[in-house]
Structures are given as C-alpha cells and as structure tokens.
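K.L.:
Taken in order, these protein sequences are the chains called G and C.
The first sequence maps to residues 1 to 741 in our numbering.
The second sequence maps to residues 742 to 917 in our numbering.
Rather than coming from a laboratory, the hints here were simulated on the basis of the structure.
Incorrect hints may have been included.
SDA-like mimics (lysine to any residue), calculated; alpha carbons at most 20 Å apart, straight line [what the hints assert, rightly or not]:
{"id": "1", "chain 1": "C", "residue 1": "K910", "chain 2": "G", "residue 2": "S63"}
{"id": "2", "chain 1": "G", "residue 1": "K690", "chain 2": "C", "residue 2": "V898"}
{"id": "3", "chain 1": "G", "residue 1": "K445", "chain 2": "G", "residue 2": "V402"}
{"id": "4", "chain 1": "G", "residue 1": "K450", "chain 2": "G", "residue 2": "E566"}
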Amino acid sequence: MSIDLSQFHAVFFEESFEGLDVMENALLDIQPEDPDVELINSIFRAAHSIKGGSGTFGFTQVSEFTHILETLLDKIREGEEKLEPESVDLFLQSVDCLRAMLEALQAEADVDTTRADELSAMFQAILDGASAASVAGSVVAPVVAEENQPAVAEAAQQAAAAAADSASPAGYQISFNPEGDMLRGGNDPVRMLRELATLGDLSTTPDVSQLPDLAQLEADKVYLSWHMQLQGDADEEDVREVFEWVEDECELDISPLAPSPAADAAAVAPDAGLVAQGEAAATVAVDAEKSQADADKVARAEAAGTKLVMPSAAPADAAKSPAKAAPARSPARAGKVEASSIRVGIDKVDSLINLVGELVITQSMLGQMGGAGEVINEDHIANLREGLVQLEQNTRELQDSVMRIRMLPISFAFNRFPRMVRDISMQLGKKVNLEMHGEQTELDKTVMEKISDPMVHLIRNALDHGIETPEERTAAGKPEAGTIVLNAFHQGGNIVIEMIDDGSGINTDKLLAKARANGMVGEQEQLNEEQKLDLLFAPGVSTVEEVSDLSGRGVGMDVVRRNMQELNGSVEVETEVGTGTTFRIRLPLTLAILDGQLVTVADQTYIFPLVAISESLQIDRDRVSNVAGGSDVYNLRDEYIPILTLDSLFGLRTESLSYDESLLVVVETEGMKVGVVVDDLMAQQQVVIKSLEENYTRVTGVSGATILGDGTVAMIIDVVGLINLAGNDVVQASKAAGSAA
Amino acid sequence: MMDAVQQDKAQELMQQTAALVEQASQDEFQDLQQFLTFVMEGEEYGIDILNVQEIRGWGNVTPIPNAPDHVSGVINLRGAIVPVIDLRVMFSLGDVRFDENTVVIVLKVENERVNRIMGIVVDAVSDVFSLAEDDKRPPPNVNQSVSQKYINGLTEVKGKMVILLDCEKLLDIENH
Numbered sequence: 001m002s003i004d005l006s007q008f009h010a011v012f013f014e015e016s017f018e019g020l021d022v023m024e025n026a027l028l029d030i031q032p033e034d035p036d037v038e039l040i041n042s043i044f045r046a047a048h049s050i051k052g053g054s055g056t057f058g059f060t061q062v063s064e065f066t067h068i069l070e071t072l073l074d075k076i077r078e079g080e081e082k083l084e085p086e087s088v089d090l091f092l093q094s095v096d097c098l099r100a101m102l103e104a105l106q107a108e109a110d111v112d113t114t115r116a117d118e119l120s121a122m123f124q125a126i127l128d129g130a131s132a133a134s135v136a137g138s139v140v141a142p143v144v145a146e147e148n149q150p151a152v153a154e155a156a157q158q159a160a161a162a163a164a165d166s167a168s169p170a171g172y173q174i175s176f177n178p179e180g181d182m183l184r185g186g187n188d189p190v191r192m193l194r195e196l197a198t199l200g201d202l203s204t205t206p207d208v209s210q211l212p213d214l215a216q217l218e219a220d221k222v223y224l225s226w227h228m229q230l231q232g233d234a235d236e237e238d239v240r241e242v243f244e245w246v247e248d249e250c251e252l253d254i255s256p257l258a259p260s261p262a263a264d265a266a267a268v269a270p271d272a273g274l275v276a277q278g279e280a281a282a283t284v285a286v287d288a289e290k291s292q293a294d295a296d297k298v299a300r301a302e303a304a305g306t307k308l309v310m311p312s313a314a315p316a317d318a319a320k321s322p323a324k325a326a327p328a329r330s331p332a333r334a335g336k337v338e339a340s341s342i343r344v345g346i347d348k349v350d351s352l353i354n355l356v357g358e359l360v361i362t363q364s365m366l367g368q369m370g371g372a373g374e375v376i377n378e379d380h381i382a383n384l385r386e387g388l389v390q391l392e393q394n395t396r397e398l399q400d401s402v403m404r405i406r407m408l409p410i411s412f413a414f415n416r417f418p419r420m421v422r423d424i425s426m427q428l429g430k431k432v433n434l435e436m437h438g439e440q441t442e443l444d445k446t447v448m449e450k451i452s453d454p455m456v457h458l459i460r461n462a463l464d465h466g467i468e469t470p471e472e473r474t475a476a477g478k479p480e481a482g483t484i485v486l487n488a489f490h491q492g493g494n495i496v497i498e499m500i501d502d503g504s505g506i507n508t509d510k511l512l513a514k515a516r517a518n519g520m521v522g523e524q525e526q527l528n529e530e531q532k533l534d535l536l537f538a539p540g541v542s543t544v545e546e547v548s549d550l551s552g553r554g555v556g557m558d559v560v561r562r563n564m565q566e567l568n569g570s571v572e573v574e575t576e577v578g579t580g581t582t583f584r585i586r587l588p589l590t591l592a593i594l595d596g597q598l599v600t601v602a603d604q605t606y607i608f609p610l611v612a613i614s615e616s617l618q619i620d621r622d623r624v625s626n627v628a629g630g631s632d633v634y635n636l637r638d639e640y641i642p643i644l645t646l647d648s649l650f651g652l653r654t655e656s657l658s659y660d661e662s663l664l665v666v667v668e669t670e671g672m673k674v675g676v677v678v679d680d681l682m683a684q685q686q687v688v689i690k691s692l693e694e695n696y697t698r699v700t701g702v703s704g705a706t707i708l709g710d711g712t713v714a715m716i717i718d719v720v721g722l723i724n725l726a727g728n729d730v731v732q733a734s735k736a737a738g739s740a741a
Numbered sequence: 742m743m744d745a746v747q748q749d750k751a752q753e754l755m756q757q758t759a760a761l762v763e764q765a766s767q768d769e770f771q772d773l774q775q776f777l778t779f780v781m782e783g784e785e786y787g788i789d790i791l792n793v794q795e796i797r798g799w800g801n802v803t804p805i806p807n808a809p810d811h812v813s814g815v816i817n818l819r820g821a822i823v824p825v826i827d828l829r830v831m832f833s834l835g836d837v838r839f840d841e842n843t844v845v846i847v848l849k850v851e852n853e854r855v856n857r858i859m860g861i862v863v864d865a866v867s868d869v870f871s872l873a874e875d876d877k878r879p880p881p882n883v884n885q886s887v888s889q890k891y892i893n894g895l896t897e898v899k900g901k902m903v904i905l906l907d908c909e910k911l912l913d914i915e916n917h
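The shape of chain G in the complex, shown without the other chains:
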C-alpha cells in the first residue's frame, strides 16, 4: 500500500510555517531570566511537529536540525539547562534558517544546510558545555574513556580479526512486535524497517504465527512481528529513534549483539546513555590529542569559549540576517508560493452555508408561484414582491459573505514587525517599544500582500531616521526607549493604517534644501509646509547625511506612495520636529470594489476613481487658451493644466459640446495633473471592478469595466492611460502641472 505523500506537502508546509510563526512570537515574548513554561512548551510543540512532519515526508535535513533544537528545548523545559539570552537569539536564527530550508523544499530547490550545520554545532556546544560545566570533571573522564572506545574497539576488532579471521561487526538484535492497531494511527512498520535498513546491514525474519485465515483477515490490522539483526556500528539511540513514534504501540526489545569483544565495548556506551554528549566531547578531546587530564581542561575551555564568542557574534548575525535572508528568500517566493491557499474561519463558511440555505428557500418560494396552470392573482403578486425583496437581501448578504472570505485580520502583516523592530533596533543600538492596535481589523488578502513591503519600509525608516539614540532622547527629555505605534482601523469603506513614532520628526527645511540641491525645486521657488513635506515622496530625496544599510538612499518613499496609489489608496504624513511623525495609509478594503465618480459623455457613462479626482468645476471660457494649435490648457489658480476631451480621445462623437455646456474634472495621479471635459457629473458610488481583459484585450485609458444598477456596462477610466493616450506633449505638460502643484 503506497500513498503519494506529495499531496500532503502543501498542508505540511503551511502548518510548518505557522509553527515557525508560533515559535518566533513565543521567542520574542519570552523572558530569559524567568522563562514562562507554557511559552517554552509551545515552542517545543511547534518544533516537535515540524520534526515529525519533515521526518514523515523524508525531509531529513529539516528533521535532523529540528531534532537538535528539540533536544535543547527539552532540557530547558526539564530545567536541566538554563535559557540564556544568547540561546534565544540562536533559536530565532534557527527559525529563520528553518524557514529558508522549508521554503527551498517548497520550491523544490536544493536545500542549503551550511547555516543549519553551523547552528547545530553551536547548539551541540551548548548541550556539551552545560553538561561539562554542571557535572564537572567527574563525567568528563568516563566520557573521554568512552570516546576512546572506537579506537579501542577497532584495535580489539583488528586483533580479533587477526586471530579468528572472522569477527563480525557490532550490531543489535531487535524484536519488534507492533500492536494490531498501529496502521490506524498512520504508522507503517514497512517504513520503519526501511529506515532501519539505512542504519546498517539488516536481516529480518517475520513472525507469521499470528496471521489469521484470509477470511478473517482485517486489512488494516498488523498481524506480523519481526525479529531482526542489524549489523553495523549504529548507535542504539538512532535505532530507537526509528521506533520513536510507536513506542507505546508495540513491544520492542533491542539488545546488542555480542559476537566479538568490540561489540561488548560498544554495548557499554548505550548503557551509559551518554552517547550524544560523548560524541561532541570526543571531537574536542580527539582534536586536542592530549592526555585525559588535559582533555578535561580543553573540553571545558572549548565549551566556555563557544559560549563567550556567541554574545558578540549573535547581534552581528542577527543584524546581517534580515539583509541576507531577503534576497535568498525572494526567488522562492516569486515561484510557487504565489498561488497560495487561504485559511477561512469556519464561522465564515457556516454563514455562507446559511445564506445559501435561505437562498434555496426563497427560490422554492418563488418557484411555487409559477406552478403550471395557476392563475396569477393579487395574492400572488404580493408574494412575488415579498420574494423579490428577500432575494435581494439574500444576494446582498451573500455578496458580503463571499467578500469576507477573502478578508484576513491585519495581524498577518503585523506579525513580522516585532521581530524586525527587535533586530534592527539592536543593530542600531536604539531602544524601541512596538505597540500594535487593531490587529483584528480585516482587509482583503491581495491588499494585505501588497501593503506588507511598503509598511516594512516605513518602519525601517522610522527606526533608522525617526527614533533617536537613547542618549539623544535623554538629552531631549524624552524617555530612553522610543515608541512606534501601529494602529489599524476601518473608516467608511477604507482601512486606515497609522504608523506613529515619537522620534525626531522630519525637518522639512532639510528636505527643501536637498530638493534644491538636486535641482528638483528652483532656488527662488517658495513652498508651503505641506508642499515641503510632500517632497518626502519625491524620488531621490533623503535627509540623512550618511547612507546606511537600512535606508537613506532616497529610494523608497516614492515607491511606497506609488504602491499605495496602485491600490487606489493614499499615504499621508504629519510631522512635528522633536515630537514625532505619523504616516497614515488609507486603502480600499478590497481591490474588487472602487469608489467611483460617474460621469456622462456622449450618452455613455464612465467612471473615474474618486481618489484621482482633485476637483470638478464649471469651465470659465476666459481661462481656456490654446497652446500653438496643440491642446488647450486651463488656467487654474495660475497653474496651467492640459485639457483632455474624452470625446476625441475615445472617438465618441465628431462634434464635441462647447465648453460652456461641459464640466471639467481635474484629476491628479503619479505627479501628473490634467482636466478632463465631461458632459455631466452623476452620482458617486462604489462599483465592482470587472476585468475587460478576460474576454477582450487590454484597452488603453480603461482599467476595467463595471455593471451599473440598471445592468448596463460602464468603463472605468485609467487616468494615467488616458494621459498617455493624449500623447507625449500632454504627458509633459501634465507632469509640469503636477509637480508645480
């Protein structure tokens, strides 16, 4: 019976990533001086299930690495080992490392285990170091003695071989008698036997005495038991580990084979139960190649040494890891991970089922009315009306429910920030508290994916430029530790995310000076506060003198704003020098719905995204002038903006209405500003965006279509496309108008 395990991979990865998140959060919460047992348990549980899962699926690199993590965690849990701040760092790094490994596996790429090996070695050192320190020299002696065993054993073996010429290697006699129900728990003895075979030369004798007649045989019961001989120098612990998951479900007897003195010697080791510790200590001892007493000292010194090195190495590593991890991870992300699944709360599904139930009832109610041969009377009409009202309500609720399925709490995006703030503030030597509010605020999954990176950028900026060093803060009379507040809430059909820091604020004059230096703002040009602050989002402006790893290169804020605009959202900034800065991101709850302004041109309805419109006005004929036979421009408060007519751009009609009969909608986006002539303004309403490309092709100037209340289709205008459609001259003119604004 073979099952294609790969079908469960997706679930395994999803659960493992969740497990890693749990570990990470618990590690960030934990206080090393007074560790909460429950937290350690939850870390342990997460590590344990990752190990179990990866073992089942044959991801040995992962399971081996988690095994050593788990061993140390177990010791800490039992109180045998103390949790030190450095270990927390190491654990956090292991979480990163595991995540990278799992992502590589998910992308079916090769797993880079160098980092894992480094970390394993460090954990092993902690494990050894602690045992060496606590149990002092008394243990070291036997350990070293034991470790001389391979050599001794080898020598003995050689002697035996020389004498008898037929010495067999050490091994184990294993008797494995699984309980009948083992298969039901998902454990397959065949897999264990297969794994056992990898440890050495395995010969098995099945015991079929329990096997019933074919008629009585239950297909999912185990009737066989096995007597096995495993030849080879495997550790008993390794052998036992094969059966780890079924210890309670079988009778297991493992005894060492004793054909030669060498095996005898080896047998002592498992009894002592110190193999794991011994192994690493041995490398120390062997490397040192000293006498027993020397080895004792060296072992201790080495153990202490690794520990001493760690504190200094850890922060540096932590600092490097975000930078290093980012490029390494991105290819994997770009690949398969994109088509991810979504976890939906059962309550959402339940409410959907309820609604569909109601819909079916309404349908049958309406269906009864149209029964054959019935005469329609007044009662029927009343019922019909009622039915239609119900149907309308059902439909609306159903729509809401379906939309809600795509909604996730923003904590999915927020969760990565505590770690990031911790790492970066450590690197910068700043003290920062992160407060998060409204983590349960829900927003569309697609929107969430797109705001994550801009938010990372804003927070990095706040850490790097906003929050001052503890010394500066004390000097300014502020508390030593800075505070960054993340706040999310709903407002109308939007989600608002605030990021408030109590740092130094943004010096707008510096911004202006920089912009002047870059030639973006003329020397004589005067800007008001708001305009100065807006320079923050211009490409190539940064107020920091020194460019750091994190920020200050002046790329970024413009990208942040552009990302937000792509999502039909906006980003605002408020700042006060010395007190702090607030960034406010405003986004539509879902990408599928847009706040639109309906306009009519040539009897057709078009929709402008409301966020793009800065104002609408009646055209004053005197303010329109023609630029050298080209396009018309409008003088709006001493600013010349190009005029576009939808008529001509979309080829709607040959005779345009005169300006007196039309209205001008001033739209502004991506630093471009134009006026669009329309016949009339209609209502403002939310519209559902439908793809035009699905069945047709892309149309310049149109971002999509929607269906209006009367069932007709209306085009949604893409302002940037519209400007491009108008031609290069207009693009230039609109940019000039936009930047002057």
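Please arrange chain C on chain G, whose structure you already have, making use of the hints.
P.N.:
Below, chain C without anything else, positioned relative to chain G:
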C-alpha cells in the same frame, strides 16, 4: 461436415458483427458533428454547435473606446463582461440592419490558444443540422478577402450552400 457448415455460419456472423460495429463507430465519430446555422445578407453560415453557449437578443451594448469598427462593444452576461463583434461589419457585408430578428450568438472557446467568451451579431439564426466530415468541402481559394481565413469549409444542406466558420479564429481577437 456439419461442423464445417456451422463454422462457415459463425464466421459469416462474426464478419457481419464487425461490419456493424465499424459502421456504428463511424456514425459516432463522423456523423455527430452538429452545426448551428445563421443568416447574414441572405447567405447561410454554420458554426460548430459545441461552441455556442447561448443566443440572446440584440441590445444594451456599451462601446469600447478606440475599438475597431466591427467590435460593437461589451454586454453584461450575468455579471461577466463579454465583448460583441458584428460579423456583418467584419465581413464587410454592406447593409447592417438591427431589427427584431437581429441576435447575438454567444460563443465560447476554451483551449490553450484561445480562452474566451464572445458574442457575434448576425441577421438571424436559422437551423441546426448534422454533418459528416466527408461532406465538408474545402473553401474555394478564389476569394482574396480578409474573411477567407475564418472559413473552415463549405457544405450543402437541403440544396443550399452553407459556409462553415472557424470559431477559434473568430474569437482570436488579437489576430483579427
């Protein structure tokens, strides 16, 4: 002697059976291609009925900005935005009228090259008929017009010529 007669009989029956099976499978594979025919400028055209999703009356079409003349616009097909092309304009069939017979045939093609739903405007729908592959004639290669590439073949039904169209090429808007 009896055995020989029986054997002959059995062989004959076997042959008959094989012939019947052959015939049946031919029926199945060849005869069951059905076509929907429609009329434009008095001529009959046919399209594979498997590509026809539904037939609707003409109306409520929203024009697409800067689209070619033969693209009438888009309609709302139960929430999906579906483009409609006027086949009469596309084939330059002169007089384009809209009356109570004017219909939109909604076609659907789903394969790796083309995957979309689209409507075509025609003067009227007319009939459904079945056609064997053998009865299809290649299109005459005299007509050099653009519409030539959309023609799959010709056939005769009840003494009248029917022009068979290639649905996939019709819907391949990018390569019109």
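K.L.:
Now tell me, hint by hint, if it's right for this structure.
P.N.:
Each hint, compared with the structure:
no.	hint	in the structure
1	K910/C with S63/G	violated, 54 Å
2	K690/G with V898/C	violated, 42 Å
3	K445/G with V402/G	holds, 13 Å
4	K450/G with E566/G	holds, 10 Å
Going through the hint list in order, the structure does not satisfy hints 1, 2.
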